[in-house]
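J.: Sequence:
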Amino acid sequence: MATLEDQEELTQDMTTFDKLCDNLNLLMAEAHISADELSRRIGIPASTIKKIRNRYNPNPTLTTLIPLANYFTVSLNQLVGLEPLPDSRRKGQYKQPIESIRNIPVISWHEAISWPNSKGKSHPTINTSYEYSKNAYALIVEEEDWENLSQGTALIIDPSIKPEHRDFAIAYKTGQPIPSLKQLLYDEGQAYLKPVVHGYNITSLSADHSLLGVVVEYKKQLKYGSAIEQTTEM
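In the working numbering, the protein residues as written are -11 to 222.
Among the hints, erroneous ones may be present.
Here are the computed lysine-lysine pairs in the DSBU-like style, where the Cα-Cα straight-line distance is at most 35 Å [said to hold, decoys possible]:
1) Lys208 / Lys182
2) Lys109 / Lys207
3) Lys38 / Lys207
4) Lys182 / Lys207
5) Lys161 / Lys107
6) Lys208 / Lys38
7) Lys122 / Lys161
8) Lys7 / Lys38
9) Lys39 / Lys122
10) Lys208 / Lys39
11) Lys122 / Lys207
12) Lys7 / Lys107
13) Lys207 / Lys150
14) Lys7 / Lys208
15) Lys182 / Lys161
16) Lys208 / Lys122
17) Lys109 / Lys161
18) Lys182 / Lys109
19) Lys122 / Lys182
20) Lys107 / Lys208
21) Lys39 / Lys207
22) Lys38 / Lys150
23) Lys182 / Lys38
FYI, nobody ran anything at the bench for these hints, they're computed from the structure.
Start from the sequences and build out the full structure, keeping to the hints where you can.
T.: So, in structure tokens, the structure goes:
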């Protein structure tokens, strides 16, 4: 773990900064983590992380570098390139604080129509490290022909978020047995719903439609035996 004692050996010349940029880009690529998500996990502004990655911030402070080094379990000297990154590191596998993990109930597409009125019954859950509203829920893609979403993908939906242009949302039309996933489009003040199945027509959002939440995260190739846990979500 990085400590303030590492400050004595830390230099701030451009050569060191270039190595820092390269190492941070490498570590983030290995972890498949974005600047926005890393920001949320360690409490550093995403803009600061992006500036380092793009070589726009040649003099980052220790208050920025220490959380980065701690998250990736390297020393400050290793992070800034004064020492090589350890070959023994488990690439892309870093500890996540247990308190930052949330369980989101996985419900049926039919239950989504009346959610959260069905809360209190037993639901399997899926883990996420993002902060969503208390009524967030997850749905499992059951179809095989959805564009860019394979069967078994978990969609995490937050009903508290107001959908914006190009957001994906769960849309329900009165009289239909279950809702469906649509992309919301706005054009000259009119809202439209675009299906995720190629070849289907775009329709206008009407008074018969209800938007049941915005898709805020998805987990591809979900494995029921590992990603979903059977717990009671109250």
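J.: Enumerate the violated hints, using their earlier numbering and listing them in ascending order.
T.: 12
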